[in-house]
Amino acid sequence: MAVKNFWALTPSEAIVAWELQQRGFHVFFPTKDVGVDLMVLQELNKARRRPITIQVKGSRFWNWKDALGGYGGWFKFSRDKLRKDLKIVDFYILVLFHTKPSKTGYEKFGRDFFIIPTEELDEKIEHYHKGGDMVNIYLRIFKYKEEQKVIDYRGVSKKNCEEALSDPWRDYSSYLNRWEKLKNLKV
1 MAVKNFWALT PSEAIVAWEL QQRGFHVFFP TKDVGVDLMV LQELNKARRR
51 PITIQVKGSR FWNWKDALGG YGGWFKFSRD KLRKDLKIVD FYILVLFHTK
101 PSKTGYEKFG RDFFIIPTEE LDEKIEHYHK GGDMVNIYLR IFKYKEEQKV
151 IDYRGVSKKN CEEALSDPWR DYSSYLNRWE KLKNLKV
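The sequence shown lines up with residues 1 to 187 when you count with the working numbering.
Hint data in this document are derived by calculation from the structure and do not stem from the laboratory.
Just so you know, nobody snuck in bad clues.
Cut-off 30 Å, straight-line C-alpha distance, at most; resulting in silico cross-link-like pairs (DSSO-like, lysine-lysine): (1) Lys103 x Lys149; (2) Lys181 x Lys124; (3) Lys32 x Lys84; (4) Lys183 x Lys124; (5) Lys149 x Lys124; (6) Lys143 x Lys130.
Simulated restraints on C-beta separations: (7) Asp80 x Asp171: 20 to 28 Å; (8) Glu126 x Ser173: 18 to 26 Å; (9) Leu86 x Glu162: 31 to 39 Å; (10) Asn136 x Gly110: 18 to 26 Å; (11) Phe28 x Gly69: 35 to 43 Å; (12) Glu126 x Tyr106: 36 to 44 Å; (13) Glu163 x Gly132: 21 to 29 Å; (14) Thr10 x Lys143: 26 to 34 Å.
Even for Gly, the Cβ is constructed at its ideal location relative to N, Cα and C.
Turn these sequences into a full structure, and let the hints guide you.
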(Lines of atoms letter the chains of each structure in order from A; the text may use other names.)
(Lines give C-alpha, C1' and ligand atoms only; values in the text may rest on other atoms or scores of the structure.)
Protein backbone atom coordinates (compact mmCIF):
# COMPACT_ATOMS: atom_id res chain seq x y z
CA MET A 1 0.00 0.00 0.00
CA ALA A 2 1.41 3.38 -0.99
CA VAL A 3 0.96 5.81 1.89
CA LYS A 4 0.86 9.51 1.16
CA ASN A 5 3.43 11.55 3.05
CA PHE A 6 1.43 14.36 4.71
CA TRP A 7 4.56 16.40 5.31
CA ALA A 8 5.52 16.38 1.65
CA LEU A 9 2.50 17.89 -0.04
CA THR A 10 3.38 19.59 -3.29
CA PRO A 11 3.35 23.39 -3.09
CA SER A 12 0.34 23.39 -5.43
CA GLU A 13 -1.63 21.05 -3.16
CA ALA A 14 -0.83 23.13 -0.07
CA ILE A 15 -1.80 26.38 -1.84
CA VAL A 16 -5.09 24.94 -3.11
CA ALA A 17 -5.91 23.52 0.35
CA TRP A 18 -5.34 26.97 1.87
CA GLU A 19 -7.47 28.68 -0.82
CA LEU A 20 -10.29 26.20 -0.22
CA GLN A 21 -10.20 26.75 3.54
CA GLN A 22 -10.34 30.52 2.99
CA ARG A 23 -13.55 29.94 1.02
CA GLY A 24 -15.24 27.96 3.80
CA PHE A 25 -14.51 24.40 2.66
CA HIS A 26 -13.32 21.65 5.01
CA VAL A 27 -10.24 20.05 3.44
CA PHE A 28 -9.06 16.47 3.94
CA PHE A 29 -6.06 14.56 2.59
CA PRO A 30 -6.31 10.85 1.74
CA THR A 31 -3.86 8.69 3.72
CA LYS A 32 -3.58 6.20 0.87
CA ASP A 33 -2.55 7.28 -2.61
CA VAL A 34 -5.73 6.59 -4.61
CA GLY A 35 -5.31 9.23 -7.32
CA VAL A 36 -7.08 11.96 -5.37
CA ASP A 37 -5.04 14.82 -3.88
CA LEU A 38 -7.74 16.53 -1.79
CA MET A 39 -11.25 15.81 -0.58
CA VAL A 40 -13.44 18.69 0.51
CA LEU A 41 -16.78 19.06 2.21
CA GLN A 42 -18.91 22.16 1.97
CA GLU A 43 -20.62 21.65 5.33
CA LEU A 44 -19.86 19.25 8.14
CA ASN A 45 -23.33 19.35 9.69
CA LYS A 46 -25.31 18.16 6.66
CA ALA A 47 -27.17 14.90 7.21
CA ARG A 48 -26.23 13.53 3.78
CA ARG A 49 -22.97 14.53 2.24
CA ARG A 50 -20.34 13.33 -0.20
CA PRO A 51 -16.86 14.80 -0.46
CA ILE A 52 -15.77 16.61 -3.60
CA THR A 53 -12.64 14.92 -4.93
CA ILE A 54 -9.89 17.06 -6.42
CA GLN A 55 -6.72 16.42 -8.38
CA VAL A 56 -4.22 19.33 -8.25
CA LYS A 57 -1.69 20.12 -10.98
CA GLY A 58 0.87 22.89 -10.72
CA SER A 59 2.21 24.58 -13.83
CA ARG A 60 5.76 24.69 -14.92
CA PHE A 61 6.86 28.31 -14.80
CA TRP A 62 7.29 30.01 -18.16
CA ASN A 63 8.38 33.65 -18.38
CA TRP A 64 6.52 34.41 -21.59
CA LYS A 65 7.38 37.56 -23.51
CA ASP A 66 6.07 38.42 -26.97
CA ALA A 67 3.84 40.89 -28.83
CA LEU A 68 0.55 39.56 -27.41
CA GLY A 69 1.68 40.18 -23.85
CA GLY A 70 0.03 38.47 -20.95
CA TYR A 71 1.48 35.52 -19.08
CA GLY A 72 1.20 31.78 -19.06
CA GLY A 73 2.51 28.40 -18.04
CA TRP A 74 2.16 24.80 -19.04
CA PHE A 75 0.77 21.60 -17.60
CA LYS A 76 1.62 18.02 -18.47
CA PHE A 77 -0.98 15.23 -18.23
CA SER A 78 -1.15 11.52 -18.82
CA ARG A 79 -4.19 10.82 -20.98
CA ASP A 80 -4.52 7.34 -19.44
CA LYS A 81 -4.49 8.73 -15.89
CA LEU A 82 -7.07 11.37 -16.81
CA ARG A 83 -9.37 8.65 -18.17
CA LYS A 84 -9.01 6.66 -14.93
CA ASP A 85 -9.68 9.84 -12.95
CA LEU A 86 -13.08 10.21 -14.65
CA LYS A 87 -14.37 7.57 -12.24
CA ILE A 88 -13.03 9.09 -9.00
CA VAL A 89 -12.06 12.77 -9.46
CA ASP A 90 -14.74 15.47 -9.63
CA PHE A 91 -12.46 18.42 -10.43
CA TYR A 92 -8.98 19.21 -11.60
CA ILE A 93 -7.60 22.41 -10.14
CA LEU A 94 -4.72 23.75 -12.20
CA VAL A 95 -2.41 26.23 -10.46
CA LEU A 96 -0.76 28.61 -12.92
CA PHE A 97 2.41 30.19 -11.50
CA HIS A 98 3.48 33.37 -13.29
CA THR A 99 5.10 36.77 -13.08
CA LYS A 100 3.62 40.05 -14.19
CA PRO A 101 4.79 43.66 -13.92
CA SER A 102 3.95 45.50 -10.72
CA LYS A 103 3.45 49.23 -10.15
CA THR A 104 7.09 49.56 -9.07
CA GLY A 105 8.33 48.17 -12.39
CA TYR A 106 9.57 44.91 -10.92
CA GLU A 107 7.92 41.66 -11.83
CA LYS A 108 5.62 40.23 -9.20
CA PHE A 109 5.18 36.49 -8.68
CA GLY A 110 1.55 35.39 -8.72
CA ARG A 111 -0.79 32.50 -9.29
CA ASP A 112 -4.15 31.85 -10.88
CA PHE A 113 -6.41 28.82 -10.58
CA PHE A 114 -8.45 26.90 -13.12
CA ILE A 115 -11.31 24.92 -11.57
CA ILE A 116 -12.31 22.38 -14.24
CA PRO A 117 -14.73 19.45 -13.98
CA THR A 118 -12.78 16.32 -14.94
CA GLU A 119 -15.25 15.37 -17.70
CA GLU A 120 -14.90 18.79 -19.35
CA LEU A 121 -11.10 18.65 -19.23
CA ASP A 122 -11.17 15.20 -20.82
CA GLU A 123 -13.49 16.42 -23.60
CA LYS A 124 -11.24 19.40 -24.35
CA ILE A 125 -8.10 17.28 -24.48
CA GLU A 126 -9.74 14.62 -26.66
CA HIS A 127 -10.98 17.23 -29.11
CA TYR A 128 -7.72 18.83 -30.18
CA HIS A 129 -4.80 16.90 -28.67
CA LYS A 130 -4.27 13.99 -31.02
CA GLY A 131 -2.07 10.96 -30.39
CA GLY A 132 0.19 9.86 -27.57
CA ASP A 133 -0.39 9.41 -23.87
CA MET A 134 1.35 12.58 -22.69
CA VAL A 135 -0.53 15.83 -23.25
CA ASN A 136 0.86 19.33 -22.78
CA ILE A 137 -1.46 22.29 -22.23
CA TYR A 138 0.01 25.79 -22.58
CA LEU A 139 -2.44 28.14 -20.88
CA ARG A 140 -2.00 31.80 -21.65
CA ILE A 141 -3.87 34.72 -20.06
CA PHE A 142 -4.01 38.03 -21.95
CA LYS A 143 -6.28 40.89 -22.98
CA TYR A 144 -7.97 40.57 -26.35
CA LYS A 145 -10.42 43.21 -27.56
CA GLU A 146 -10.70 44.59 -24.00
CA GLU A 147 -11.62 41.16 -22.65
CA GLN A 148 -9.50 38.78 -20.58
CA LYS A 149 -8.96 35.55 -22.50
CA VAL A 150 -7.34 32.25 -21.63
CA ILE A 151 -6.47 29.82 -24.40
CA ASP A 152 -4.41 26.69 -24.77
CA TYR A 153 -1.66 28.06 -26.97
CA ARG A 154 -0.01 24.71 -27.73
CA GLY A 155 0.61 24.36 -31.45
CA VAL A 156 -0.72 27.84 -32.27
CA SER A 157 1.37 29.98 -34.60
CA LYS A 158 1.05 33.71 -35.19
CA LYS A 159 -0.74 32.88 -38.45
CA ASN A 160 -3.56 30.92 -36.83
CA CYS A 161 -3.82 32.89 -33.57
CA GLU A 162 -7.23 34.39 -34.52
CA GLU A 163 -8.54 30.92 -35.29
CA ALA A 164 -7.37 29.63 -31.89
CA LEU A 165 -9.06 32.55 -30.12
CA SER A 166 -12.42 31.59 -31.59
CA ASP A 167 -12.04 27.85 -30.91
CA PRO A 168 -14.25 26.96 -27.88
CA TRP A 169 -12.22 23.79 -27.26
CA ARG A 170 -9.07 25.88 -26.64
CA ASP A 171 -10.84 28.49 -24.50
CA TYR A 172 -10.28 28.09 -20.74
CA SER A 173 -11.55 31.57 -19.77
CA SER A 174 -14.66 30.26 -17.99
CA TYR A 175 -12.53 28.25 -15.53
CA LEU A 176 -10.22 31.07 -14.41
CA ASN A 177 -10.51 31.56 -10.63
CA ARG A 178 -14.09 30.21 -10.65
CA TRP A 179 -14.22 28.75 -7.15
CA GLU A 180 -18.03 28.93 -7.21
CA LYS A 181 -18.02 25.88 -9.51
CA LEU A 182 -17.22 23.83 -6.40
CA LYS A 183 -20.01 25.44 -4.37
CA ASN A 184 -22.54 24.79 -7.14
CA LEU A 185 -21.77 21.07 -7.35
CA LYS A 186 -24.75 19.03 -6.18
CA VAL A 187 -23.61 16.28 -3.82
